[in-house]
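Peer 1: Read top to bottom, the protein sequences are chains A and B.
If you're matching positions, the first sequence starts at 1 in our numbering and goes up one per residue.
If you're matching positions, the second sequence starts at 1 in our numbering and goes up one per residue.
Honestly, the hints are just simulated from the structure, not real lab data.
These figures come from a predicted structure and were not determined experimentally.
All residues carry an ideal CB built from backbone N, CA and C; glycine is no exception.
It is possible that some hints are incorrect.
To spell it out: a stretch of chain A is covered by chain B in this simulated footprint if at least three of its residues, at any positions, have a beta carbon under 8 Å from a beta carbon of chain B; those stretches are [claimed, not checked]:
| hint | stretch |
| --- | --- |
| 1 | 46–54 |
| 2 | 172–179 |
Estimated spans, in silico, between C-beta atoms of each pair [unchecked claim]:
| hint | chain 1 | residue 1 | chain 2 | residue 2 | range |
| --- | --- | --- | --- | --- | --- |
| 3 | A | T189 | B | E91 | 54 to 60 Å |
| 4 | A | D142 | B | K27 | 46 to 52 Å |
| 5 | B | A61 | A | A23 | 36 to 42 Å |
| 6 | B | N23 | A | A23 | 45 to 51 Å |
| 7 | A | D76 | B | D6 | 37 to 43 Å |
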Amino acid sequence: MASLKDLKLRIASVKATQKITKAMQMVAAAKLRRAQEAAENARPYSERMATVMADLTAAVGEGEEVPKLMSGTGKDDVHLLVVCTAERGLCGGFNSQIARHARLHIRKLISEGKTVKIFCVGRKGYDALRREYGELIVERADLREVRRIGFENAEDIANRMMEMFEEGAFDVCTLFYSEFKSVISQVPTGLQLIPSAAPEGQEERSESALYDYEPNAESILSEIVPLNIRVQVFHALLENAAGEMGAKMSAMDNATRNAGEMIDKLTLSYNRQRQEKITTELIEIISGAEAL
Amino acid sequence: MTVMPDHAPTMTTVRPGMVKFKNRDGKEFQFLVFHGFADIQGDSCTLLAETAVPIGEASDAIEHRIKSLRKELDDAGHREHKSAIEQMMNELTHLNETVFPG
Numbered sequence: 001m002a003s004l005k006d007l008k009l010r011i012a013s014v015k016a017t018q019k020i021t022k023a024m025q026m027v028a029a030a031k032l033r034r035a036q037e038a039a040e041n042a043r044p045y046s047e048r049m050a051t052v053m054a055d056l057t058a059a060v061g062e063g064e065e066v067p068k069l070m071s072g073t074g075k076d077d078v079h080l081l082v083v084c085t086a087e088r089g090l091c092g093g094f095n096s097q098i099a100r101h102a103r104l105h106i107r108k109l110i111s112e113g114k115t116v117k118i119f120c121v122g123r124k125g126y127d128a129l130r131r132e133y134g135e136l137i138v139e140r141a142d143l144r145e146v147r148r149i150g151f152e153n154a155e156d157i158a159n160r161m162m163e164m165f166e167e168g169a170f171d172v173c174t175l176f177y178s179e180f181k182s183v184i185s186q187v188p189t190g191l192q193l194i195p196s197a198a199p200e201g202q203e204e205r206s207e208s209a210l211y212d213y214e215p216n217a218e219s220i221l222s223e224i225v226p227l228n229i230r231v232q233v234f235h236a237l238l239e240n241a242a243g244e245m246g247a248k249m250s251a252m253d254n255a256t257r258n259a260g261e262m263i264d265k266l267t268l269s270y271n272r273q274r275q276e277k278i279t280t281e282l283i284e285i286i287s288g289a290e291a292l
Numbered sequence: 001m002t003v004m005p006d007h008a009p010t011m012t013t014v015r016p017g018m019v020k021f022k023n024r025d026g027k028e029f030q031f032l033v034f035h036g037f038a039d040i041q042g043d044s045c046t047l048l049a050e051t052a053v054p055i056g057e058a059s060d061a062i063e064h065r066i067k068s069l070r071k072e073l074d075d076a077g078h079r080e081h082k083s084a085i086e087q088m089m090n091e092l093t094h095l096n097e098t099v100f101p102g
């Protein structure tokens, strides 16, 4: 049984922790608002971009001059997985959810006999995958210094990906991140970037989409395809940033509540013990007085 | 370039310039756009621009752009990079002169 003093110290320490989690929750709530706004503002653009790309992919016939980034290398042996996670922890299952999603994918690819390469964006994903697949990690991007994610951050990552593609380092590239649904729900998502995947259920539109290109198909595609990759990476980073803050907020809310419960429990047993002590002392005094 | 209903599906890149469009009530809007591309289909036209500024603020935006490009030009290393920036600057200066003469 803990002594009175121990209990008192314990209560003080839990209270201090509660203060910290409370403060973190409020910081996360403030940051969430901004991150959510940014993610939601970027959504129409990137969604529209994705539809345009899908139309294009469906419309571009075989035999046309299509950039490799769009058509792929024709093989599907080496896969690059770009795993985007947060830089900081203490946000519940956010990072491990993405890592788990990626890990399942890696396992599937390896069992199919493919070669897997990993590009970690964010420290937490690297930490999570390092132990199991350390030798597969070929590239890392650090965003720790970045306070507010800008397009240039996404551009750097996308450019690095495209460089690797030019060097022939991989055939297929998939982007892993968390889609921000709401404060309490973030859905880990895998999105194939290279070659541009034609999404299902879009076939009906393709007949109308026999495009004219101004000035010509080659120059347009060579501009749009890389732009699309950059935009999608940017979209992923923004969604992630919002998701991280949402997850952090609810995790810290939970922690604060737990700390509150713990304090109540500890205070109760502290008071009980104090009462007990007083009672024992009184009995001692009374029986001492009676003995005289 | 003018886009009317039932335009042939076209995909094109957009250079810096003015975009005019009317809504259903015939009200006209004007925007200045920097780079982007347009996806034109029979029943819709989507223009995704890197930046879009309402006409009222366009003059400032162009000047701001030119200034930052000038700064970038001083730092640029490659010749290719330099000529790309110069071309962009010429386009913008030209645009500024045509849209806001004097």
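Peer 1: Taking the numbered hints from earlier one at a time, note which ones the structure violates and give those numbers from smallest to largest.
Peer 2: 2, 3
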